[in-house]
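Chemist: Model the full structure from these sequences, guided by the hints.
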Amino acid sequence: MGIDLLRDKGTPVSQQRMSWKDMVGKPISKLDDDAFTRVRIILMNGLELDSLRTKQVALRMNRDARVQLAELMRVEQHQATTINWLIGADHSPIETTIGYEQTAIEVTASVAQLEPDTYLACGYRYALLEDFDHLYRYAALLDRLEGKDANNIIQGYTDIVPARPTIAHHRAPEHDLLRPYGSDAPLATKLNAVTLVGGEYQTHDYYMNIGPLFADPLARQLYAEIASVESQHITHYGSMLNPDESVLEKLLVSEACEVWNYAGCLEQESNPRVKAIWEKFLDYELGHFQVALKLFKELERRDPAEVLGDGRLPPFIQFESHRRFVRETIARETSLRKDGVQFVQEDAEGASSIAYREAVNAAGSPSSTVSHTYSWMPGTELMRSGVKAA
Amino acid sequence: MERGHNRLVPAAVMGGTTRRIPLMLLPPGYWPARPGKGARWGRVHCRGGSARRTLGHADWRYWSLESLSVPTVTCCSTCKDALPPIFKREAYMEATAPGPNRTGAALVQNEVNLMLEAVRDLSPPIPISTLQIDVERQSYIVEADSVGSIPPPKSSLKRAAAKGSAKTKSAGANAEVFLDKLGERIAFERTGTRLYDALITKYLALHNAGGEVLPPTDGTGEAVEETALQTLQRIRAEELGHFRMLCESVVKLGADPTAQTPCADVAAAASSGLIQVITDPRTTLAQCLNTILTAELTDNAGWELLGQLAQEAGHNELGVPFSQALEAEQRHLVIIRDWLKLLLTTEAGTAAV
Chain V
206 MGIDLLRDKG TPVSQQRMSW KDMVGKPISK LDDDAFTRVR IILMNGLELD SLRTKQVALR
266 MNRDARVQLA ELMRVEQHQA TTINWLIGAD HSPIETTIGY EQTAIEVTAS VAQLEPDTYL
326 ACGYRYALLE DFDHLYRYAA LLDRLEGKDA NNIIQGYTDI VPARPTIAHH RAPEHDLLRP
386 YGSDAPLATK LNAVTLVGGE YQTHDYYMNI GPLFADPLAR QLYAEIASVE SQHITHYGSM
446 LNPDESVLEK LLVSEACEVW NYAGCLEQES NPRVKAIWEK FLDYELGHFQ VALKLFKELE
506 RRDPAEVLGD GRLPPFIQFE SHRRFVRETI ARETSLRKDG VQFVQEDAEG ASSIAYREAV
566 NAAGSPSSTV SHTYSWMPGT ELMRSGVKAA
Chain S
413 MERGHNRLVP AAVMGGTTRR IPLMLLPPGY WPARPGKGAR WGRVHCRGGS ARRTLGHADW
473 RYWSLESLSV PTVTCCSTCK DALPPIFKRE AYMEATAPGP NRTGAALVQN EVNLMLEAVR
533 DLSPPIPIST LQIDVERQSY IVEADSVGSI PPPKSSLKRA AAKGSAKTKS AGANAEVFLD
593 KLGERIAFER TGTRLYDALI TKYLALHNAG GEVLPPTDGT GEAVEETALQ TLQRIRAEEL
653 GHFRMLCESV VKLGADPTAQ TPCADVAAAA SSGLIQVITD PRTTLAQCLN TILTAELTDN
713 AGWELLGQLA QEAGHNELGV PFSQALEAEQ RHLVIIRDWL KLLLTTEAGT AAV
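Chains as they are written, first to last, in the working numbering: chain V, 206 to 595; chain S, 413 to 765.
There could be a bad hint or two in this list.
To be verified - The calculated label-pair distances, taken between Cβ atoms and stated as ranges, are:
#1 V/Arg271 <-> S/Leu641: 53 to 63 Å
#2 S/Glu506 <-> V/Gly591: 36 to 46 Å
#3 S/Ser541 <-> V/Ala560: 42 to 52 Å
What the hints assert, rightly or not - From chain V, some residues computed to sit far from chain S (all C-beta separations above 10 Å):
#4 Met278
#5 Gly387
#6 Asn414
#7 Asp508
#8 Leu513
#9 Leu518
#10 Asp552
#11 Ala556
Hints were generated in silico from the structure; no laboratory data involved. Glycine residues also receive a C-beta, built at the ideal position from the N, C-alpha and C atoms.
Modeler: Below, the structure written as structure tokens:
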């Protein structure tokens with residue numbers, strides 16, 4: 206794309222206006238659109254919401270930037286609406302959930318391969334195996350509750366099998382933390398972490414909202430269990446972020462992250478209508494970035510190059526099947542566990558996690574119950590030859 | 413050409429990519445050159461004159477998203493030659509047709525084989541047992557509270573329920589069940605009125621686009637004066653009439669027709685999908701009729717049952733109005749079935765199906 210963060214101006218914020226009808230356009234087709242169009246929509250909605258979250262925190266911590274932050278947040282809100290409203294109403298909540306987990310898997314797999322820091326890359330692979338397992342558990346729920354095949358959503362790009370079992374994801378809080386990247390970390394490392402935090406936040410919030418909408422107690426249990434793990438993942442990825450960054454530095458990275466991801470979506474989008482949205486919002490974000498850049502220079506009196514390097518964007522997330530990478534990671538790292546900020550073998554896991562796990566699983570494991578004896582099969586497990594029909 | 417009433421959609425062809433731009437979003441100065449009534453193709457002329465500024469080709473990209481209230485483009489003299497927009501007539505509503513449906517396993521057989529290979533390695537098939545799920549669900553069922561309570565009647569029913577004999581207790585319980593089911597029908601008829609509102613809107617969208625696909629019928633096979641729209645409006649009015657008649661009946665029984673009874677609540681949960689289908693702009697008239705058929709079948713069974721319950725509870729005064737309501741619902745069912753069958757057998761490939 207050749208975008209230069211320090212030079213490209215984008216659309217001025219004053220010209221960023223959308224009507225309600227602009228925001229509420231035609232949704233994508235669950236049946237006809239490519240699964241990665243949905244993946245990009247889910248990812249970018251997550252990033253928009255995290256961008257709003259970052260600015261709300263900044264608003265509480267910076268008197269001088271209040272007006273600019275308020276202006277940016279209004280546009281981000283409407284961008285998030287435009288994107289999230291692209292999901293069609295014929296997606297059941299579990300089908301959307303399958304889309305969320307596919308997003309987590311394929312985006313995290315790509316980020317894990319792009320990440321230059323080997324320790325953080327291990328952190329991405331670690332949580333990847335957990336989101337991968339969530340897909341299997343939710344696929345079982347979709348099959349057994351609604352009688353639907355998760356592959357109608359997945360479209361053959363992502364495997365539906367267990368990895369590190371969800372029952373083992375529950376860790377004591379201190380073992381969710383990772384070592385943060387340093388102030389000298391390359392821009393790619395910062396963008397990777399912000400992207401994953403945003404994605405996990407959105408997934409967590411979605412599960413927390415739709416979990417109680419289910420009548421089925423098993424579904425309510427499963428969403429309760431996995432929402433808790435997603436909350437751990439927010440901590441897991443959130444602890445990668447350098448806590449010594451200033452608020453405006455975080456704002457700058459957040460805006461750069463949106464530019465980077467919109468540019469990646471634009472480059473790879475197959476739906477022309479959605480592609481036009483990515484193109485428009487890329488220009489919007491370049492406009493937002495200019496505001497953040499100005500605030501950073503004027504209020505912090507620092508050189509943006511300290512944070513952004515030369516202003517060129519790192520390689521994009523690849524929206525494609527990472528099956529081979531995931532399979533290799535499963536084979537190699539399923540047995541990994543956490544002890545503080547270290548990745549350790551199963552037998553060296555932090556003792557407090559084991560005690561915590563025994564407590565939350567004391568009355569059974571929803572993820573294990575719902576998927577007991579489940580093997581994915583095209584057309585649902587009712588297609589299996591051993592299943593008796595009248 | 414009158415803005416907002418045409419269905420011409422220009423497609424700006426640029427770099428091999430086609431982007432459709434609704435004509436109504438074109439800025440002033442760009443209109444199809446004499447497309448004529450029913451024209452399938454036209455060319456855009458830049459009439460210029462009112463240009464605020466000249467923009468390059470790249471600005472065309474944003475036309476699909478900018479509304480006219482943000483006149484970012486008014487003239488581009490170079491685009492006329494280098495970027496000729498093409499006008500193509502499109503149906504207002506899209507027919508359900510063969511297309512790039514990506515959901516099936518057969519389309520991606522190689523990928524599915526890899527998925528099955530992973531299944532063999534990591535979750536090999538064993539005999540299916542959902543016993544753990546069943547046990548867990550049953551434990552919740554046994555321990556569950558009810559959805560809610562039946563609102564207590566104010567007068568005679570309450571007194572009957574409060575009396576001590578076994579016979580009267582039974583009568584009281586029956587009376588409460590009757591009230592609960594009355595509440596259900598009230599809710600169903602009220603929602604049914606709204607379902608027909610949505611169905612009429614869907615029908616009018618097709619009708620206004622030039623499609624008249626539903627023949628006049630009253631469900632008896634006899635010639636009728638009524639148009640399809642009038643029939644839909646009449647059915648809607650009858651659903652509303654049933655709702656009001658039920659409300660009056662409940663008031664006469666000393667109960668509150670505005671209360672939401674447990675059966676009303678559960679029936680609303682059951683029919684929430686019907687509303688989703690009919691109000692979805694993408695669904696066709698046939699898909700909507702199929703959905704309203706579910707409602708009418710349920711409504712027919714509901715009125716049959718309610719009539720029996722009224723009789724059991726000794727409310728003979730409700731016999732006539734309930735019978736009349738059932739007869740009306742039976743006619744609705746026949747009409748909807750006829751229309752649906754007609755659409756599916758004679759209108760395949762059109763926007764209605």
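Chemist: If a hint holds in the structure, say so; if it doesn't, say that too.
Modeler: We went through each hint and held it up to the structure:
{"no.": "1", "hint": "V/Arg271 <-> S/Leu641: 53 to 63 Å", "verdict": "holds (55 Å)"}
{"no.": "2", "hint": "S/Glu506 <-> V/Gly591: 36 to 46 Å", "verdict": "holds (42 Å)"}
{"no.": "3", "hint": "S/Ser541 <-> V/Ala560: 42 to 52 Å", "verdict": "violated (30 Å)"}
{"no.": "4", "hint": "Met278", "verdict": "holds (21 Å)"}
{"no.": "5", "hint": "Gly387", "verdict": "holds (37 Å)"}
{"no.": "6", "hint": "Asn414", "verdict": "holds (17 Å)"}
{"no.": "7", "hint": "Asp508", "verdict": "holds (31 Å)"}
{"no.": "8", "hint": "Leu513", "verdict": "holds (25 Å)"}
{"no.": "9", "hint": "Leu518", "verdict": "holds (20 Å)"}
{"no.": "10", "hint": "Asp552", "verdict": "holds (22 Å)"}
{"no.": "11", "hint": "Ala556", "verdict": "holds (29 Å)"}
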